[in-house]
Structure formats: structure tokens, C-alpha cells
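Engineer: Read off the chains here:
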Amino acid sequence: MSGPSTLNVQLSTRPQFPSRIVDVIVAGIFIYSGAIKALDPVQFASDIDNYKIVPWPVSVVLAFYLPWLEIFCGIALIMRRLYLGGLSILAALISVFIIATVAAKVRGLDITCGCFGHASKNWSFSTHLGLDLVLLGLVIFLLRARGQNSAASER
Amino acid sequence: MTSSLVRQALILAALALLPGVGEAIYFRHKISWQSAIPPSELVTVAQAHAWGENVIWVDARPDEEFARDHVPGALSLNEDRWNELLPQFLAAWSPGRKIVVYCSSLSCNASREIARRLRKQAQLPDVFVLEGGWEAWLKSK
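Protein chains in written order, with this note's numbering: chain C, 31 to 185; chain Y, 735 to 875.
Chain C extracted, bound-state conformation (with noise of 0.2 Å):
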């Protein structure tokens, strides 16, 4: 028989409402677009040699490599199973986005970023920019309500 506190420890660690709405957002949009450049890993290849950061043949192997990351760590906020290390690669893969599309607005390399194929092609720096800080925002956010859930818990 359930007593009152284990009540509370069961709705604590249960998922709250928003943060599961934010969840699939952003499980959507990384499946979504790693799909698009699963799909066309060559022109993902040309998209990440455009930032001048990495060699050719890195280039490539990102290009192959990374979609696949997106997609699975998607697939594990939605299904919150590795729910930490989906959320927490998804942050590290943002932030350095985040600081390849700066750097290359600095050095003045017109790049089209490749996030979304070619739907993205004619965004604008603030665009790409904007997306990618609400992206982590979301993320951090998600981070955050797991921490809050996972010391509810505990108590």
C-alpha cells in the first residue's frame, strides 16, 4: 500500500507537464534535423568544410557521424531513456555550434550553416544565431527541471 510520501517521491519524479512539451520540441527539431542530413551527408560535409575549422576528411567523417548523434539523442528525450547524456551531448553540440557560427562571422566567411539542408540555406546570421541560442535555452531549461526533479526525489 502506497503511503502519502511515496505518493510524493512517484509525482516528483514523474515527468512534469512543460518540460515534456519541451522535450518533444526539441527531440522533433535534432531528429528532424539530423534526418535532413542523413539523408545527404555529402552536402553536410560541404556545409561543415565551409566553416574552415576542420580538414576535408574530418569534414567528412562529421558529416557521417553527427546526423546519427542528433537523431538518437532525439530519440532518447522522447523516449527518457539516456535522458542525461541525450540532453547533455545536445547542449555540448549547440554550444559549439553556437562558437563555429560566431567564428566565422568574424573571420568573414559567408557560410550557409546546413542545420536544416536546404531549407536554411538563405538564413541570415541572426537567424541561424537566434535558433541555435533558443535551442540551448530549451536544453538548459530541460537540464535544469531534470536536476530540480531528480533532488525531489531524493528528499
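In case anyone wonders, no lab produced these hints; they're calculated from the structure. Check before you lean on any hint, since a few could be wrong.
[To be verified] Here are the computed lysine-lysine pairs in the DSSO-like style, where the Cα-Cα straight-line distance is at most 27 Å:
no.: 1; chain 1: C; residue 1: K135; chain 2: C; residue 2: K82
no.: 2; chain 1: Y; residue 1: K764; chain 2: C; residue 2: K82
no.: 3; chain 1: Y; residue 1: K873; chain 2: C; residue 2: K82
no.: 4; chain 1: Y; residue 1: K832; chain 2: Y; residue 2: K854
no.: 5; chain 1: C; residue 1: K82; chain 2: Y; residue 2: K854
Given the coordinates of chain C, work out where chain Y should sit on it, guided by the hints.
Structural biologist: Same frame as chain C, but now just chain Y:
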């Protein structure tokens, strides 16, 4: 919590490796691992000159740079106005002519992108990228 986070991240990273490797095997003949442009798609200024009148030059640089100067007879076709300029280019193109696309220099990507779109979207054969771009052309003069 940190060790669990790292463990989970490593599992996800390892899982993503599997389809990534599969895709790399599937696309192994469609992408060059050595350079962004396969050697067979690159052409030097001397080679392009040797083709004579059989070449149609495509300037992939922005409009302002094309207006300032360009290879004699070159047509402007850039990413910004692709939809607008492509019909004009197709009207000037004829089967059998080789297409040489150039942008500013060795480090620019516009020529590679335009050449890719000409092959993939416009389905044109014999599309080459000028090695060294406009800078190489100027040096050869």
C-alpha cells in the same frame, strides 16, 4: 550523477557510430575523402584554355564582383540568384560544351556548390571547377 551522465553520453555516442559507419560504407563511392572536390572534377586554367571555344565559363561570385571584372564571355550564376540566373545560363548552354565554374580563390566554396547544383539539379554533364578560381585566372594572364 556525473558518472551516469558520462556513461549515458558514451552509450549514445557509440550507438550513433553504427549507422554512421554503415552510411560511410554506402556512400564510399559518392564522396572523396582526399579533397572537397575530386581531382576528376578540377580543371586548371591551362586545361580550360586548351578546350578553346568548347568551354562555357560560369562566374559563381557575388554580382558586385562579377560586375567589377570577370573571365571574358563568362555568365554569372551564383547562389543568391540561382533561380533567376539558371534559365539564362541554360539558354546559353548547348550539349557537348564543357562548363567551368569559378569563384574568388582556392579557399572559396561557391564554385564547388554551383558545380554540384548544376550536376545534381540541372542534370548537366561535364561540369568542372576551376582550380584556384579567379585569382588563378588573373595570374595566368
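Engineer: Hint by hint, note whether the structure agrees.
Structural biologist: Hints and how they fare:
1. C/K135 <-> C/K82: Status holds; Cα separation ~12 Å.
2. Y/K764 <-> C/K82: 22 Å, holds
3. Y/K873 <-> C/K82: Roughly 24 Å separates the two Cα atoms, so the pair holds.
4. Y/K832 <-> Y/K854: 16 Å, holds
5. C/K82 <-> Y/K854: At roughly 24 Å apart (the allowed maximum being 27 Å), Y/K854 and C/K82 satisfy the hint.
The structure fails none of the hints (numbered hints given earlier).
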